[in-house]
Structures are given as C-alpha cells and as structure tokens.
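Peer 1: Those sequence lines, one after another, are chains A and B. Per the numbering used here, residue 1 is the first one in the first sequence, and the count goes up by one each step. Per the numbering used here, residue 1001 is the first one in the second sequence, and the count goes up by one each step.
Hint data in this document are derived by calculation from the structure and do not stem from the laboratory. These numbers come from a predicted model, not from an experiment. In this text, a Cβ means the ideal position worked out from N, Cα and C, and glycines have one as well. Treat the hints with care, since some could be wrong.
The calculated label-pair distances, taken between Cβ atoms and stated as ranges, are [unchecked claim]:
| id | chain 1 | residue 1 | chain 2 | residue 2 | range |
| --- | --- | --- | --- | --- | --- |
| 1 | B | Pro1052 | A | Gly19 | 41 to 47 angstroms |
| 2 | A | Gln52 | B | Glu1107 | 35 to 41 angstroms |
| 3 | A | Thr51 | B | Glu1157 | 44 to 50 angstroms |
| 4 | A | Gly19 | B | Val1041 | 41 to 47 angstroms |
| 5 | B | His1111 | A | Glu36 | 17 to 23 angstroms |
| 6 | A | Glu56 | B | Ala1160 | 48 to 54 angstroms |
| 7 | A | Glu36 | B | Tyr1072 | 19 to 25 angstroms |
The list that follows gives simulated cross-link-like pairs (lysine to aspartate or glutamate, DMTMM-like), each with its CA atoms no further than 20 angstroms apart [what the hints assert, rightly or not]:
| id | chain 1 | residue 1 | chain 2 | residue 2 |
| --- | --- | --- | --- | --- |
| 8 | B | Lys1074 | B | Glu1038 |
| 9 | B | Lys1009 | A | Glu56 |
| 10 | B | Lys1009 | B | Asp1048 |
| 11 | B | Lys1074 | B | Asp1034 |
| 12 | B | Lys1009 | A | Asp54 |
| 13 | B | Lys1074 | B | Asp1115 |
So you can see what is in the structure, the chains are spelled out below.
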Amino acid sequence: METAANRNKKDPAKPAKLGREVQARLGQQLRAMYDEVVNQGVPSRFTSLLTQLDGEENKDKR
Amino acid sequence: MAMDESVRKSVLSAVPSLRAFAISLCGNVDRADDLVQETLVRALANIDSFQPGTNMSAWLFTILRNHFRSEYRKRRREVEDSEGHYADTLKTQPEQHGQVEFREFREALAHLPSDQREALILVGASGFSYEEAAHICGCAVGTIKSRVNRARTRLAELLAIDSADEFGPDEQTRAVLAGGRD
Chain A
1 METAANRNKK DPAKPAKLGR EVQARLGQQL RAMYDEVVNQ GVPSRFTSLL
51 TQLDGEENKD KR
Chain B
1001 MAMDESVRKS VLSAVPSLRA FAISLCGNVD RADDLVQETL VRALANIDSF
1051 QPGTNMSAWL FTILRNHFRS EYRKRRREVE DSEGHYADTL KTQPEQHGQV
1101 EFREFREALA HLPSDQREAL ILVGASGFSY EEAAHICGCA VGTIKSRVNR
1151 ARTRLAELLA IDSADEFGPD EQTRAVLAGG RD
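Chain A with its partners taken away, still in its complex shape:
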C-alpha cells in the first residue's frame, strides 16, 4: 500500500505536508458529505430512464 509519506517523497512539487490527523479529519468529512448522497440510492427517475431508453432502442432496431 502506498503511504502518504511515500507519495510525498516521490512528488517534489508537493505543498507543505499535512499531519496525518488533519488528513484523516478532512477525509472523514469529505466521505461523510459524499456518502450522504450515495446513501440516497437510485432515484426512480433513473430506473425509469433506463427502461425508456431500452424500449426506444428496441423500437429502432426492429
């Protein structure tokens, strides 16, 4: 597994290094925000859309 420390060594243009606790905190908040949307699942408009698109494709090819 690549660690943050290894990444920084390989990247000479890196900005000032953040502490791991700070990075962890940022990562938690980022994922919490993102997962809030992910956890809403698939809104019905998208399942309907796929069904509709599938139907149109069948019509075209017949």
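Following the hints, position chain B against chain A.
Peer 2: Chain B in isolation, oriented as in the chain A frame:
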C-alpha cells in the same frame, strides 16, 4: 438488441456515486440530476464504445465530467469566475443537499479551484485510484497527486485545522486515509 441485463445493473449501480460527484461539480442537486440523466443518455447511445471488462463506473464518470466541462465552458463566458461562482451557487441552495454539520466543510470545498476539487473528490470520496482519476480527468497521474495534495492543504487552511490535538487519535481512520480509499 435489448439492453444487456449486466449493463443495466452496472449502470444503475454507478448512479448514486455519479450523483454525488455531479453535486460536487455543480453544487446544485437539480442540475446534478440533469447532468446524470444526460450522462446516461449519452452513455447508452454509445454503449458500443464501452469495452466489456473495463470499469463501467470510471467510463460513466469520464462522460459526466467531460459533458459538465463542455457545458461549463459555455456558461463561463457569462460568468468568468471559476471559484466564486460555485460558492455563490451553493449559497442560493440553502441546505438543500445536506445537513448543517457539513455546511462549513462544503463552503471550504467550494472555494477550491475546480480541478483540485474534482481530483480530491475522485480520489478521496469516489474511491478511484490515482491512475483512474487521471484517466477520468485526462491528465497525468502526477498532476492528480499534486492537485489532491494542494486541495488538502488548502482545505486545512480554510477550515483552520492546524492542531492534531483537536481530533484525538484514531489509528484506523489514519490508516484508511493514508492509503487512499481502497
């Protein structure tokens, strides 16, 4: 030919994450859902160009990102501002997509340049590798790494997170973040 059931499944399973990514790009739930819809229409119209066995999610993210970029370029002629405009968009969407507890973080995220924000989201939240994120954004892996690093540094500044003591130790979380999200 009817849509392959496995294609349908893999497209649908990517939708929740596509929505989250789209919201992070445009800062507006309704616009984001339209963006996802346009992405799915384009993807299925070009499903023949998808290579079976490759990452469907990454393919869809690439389409969404490119579509957003081309739309955004059109609009930018009217609003020439890559940072402030997004922030303003958020302000006009009060708590529409989230809890108050994320407000400060979301505002800080909105102040990042868009290329840094998208790199951070792809790697730090969507769970893509640096290589996949580079492919989605059409740039070098080193560029993605540098954008993610700069994004983290800037976020920490904006949120005035400078003391590790505030958070207390959490070895597991540290290990997860240090290794990306995979």
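Peer 1: The structure should be examined with respect to each hint, and the outcome stated for every one.
Peer 2: How the hints compare with the structure:
Checked against the given bound of 41 to 47 angstroms, the beta carbons of Pro1052 of chain B and Gly19 of chain A, roughly 44 angstroms apart, stay inside it. Gln52 of chain A and Glu1107 of chain B have their C-beta atoms about 37 angstroms apart, which keeps the hinted 35 to 41 angstroms range intact. Between Thr51 of chain A and Glu1157 of chain B the C-beta distance comes to about 47 angstroms, which sits within the given range of 44 to 50 angstroms. One distance hint, 41 to 47 angstroms for the beta-carbon pair Gly19 of chain A and Val1041 of chain B, holds here, with the actual separation near 45 angstroms.
Take His1111 of chain B and Glu36 of chain A: their Cβ atoms lie about 20 angstroms apart, and the range 17 to 23 angstroms holds. Restraint check, Glu56 of chain A to Ala1160 of chain B: a C-beta distance of roughly 52 angstroms satisfies the suggested window 48 to 54 angstroms. Here the CB-CB span from Glu36 of chain A to Tyr1072 of chain B is close to 24 angstroms, well matched to the stated 19 to 25 angstroms. Of the pairs offered as hints, the one joining Lys1074 of chain B and Glu1038 of chain B holds, with about 16 angstroms between alpha carbons and a cut-off of 20 angstroms not exceeded.
With a C-alpha separation of about 18 angstroms, the suggested pair Lys1009 of chain B and Glu56 of chain A falls inside the 20 angstroms cut-off, and the hint holds. A hinted pair counts as satisfied when its Cα atoms are at most 20 angstroms apart, and Lys1009 of chain B with Asp1048 of chain B qualifies at roughly 16 angstroms. Among the hinted pairs, Lys1074 of chain B with Asp1034 of chain B is consistent with the structure: their alpha-carbon atoms are about 17 angstroms apart, no more than 20 angstroms. A hinted pair counts as satisfied when its Cα atoms are at most 20 angstroms apart, and Lys1009 of chain B with Asp54 of chain A qualifies at roughly 13 angstroms.
Restraint check for Lys1074 of chain B and Asp1115 of chain B: satisfied, since their Cα atoms lie roughly 17 angstroms apart, inside the 20 angstroms limit.
Consistency note: the structure conflicts with none of the earlier hints.
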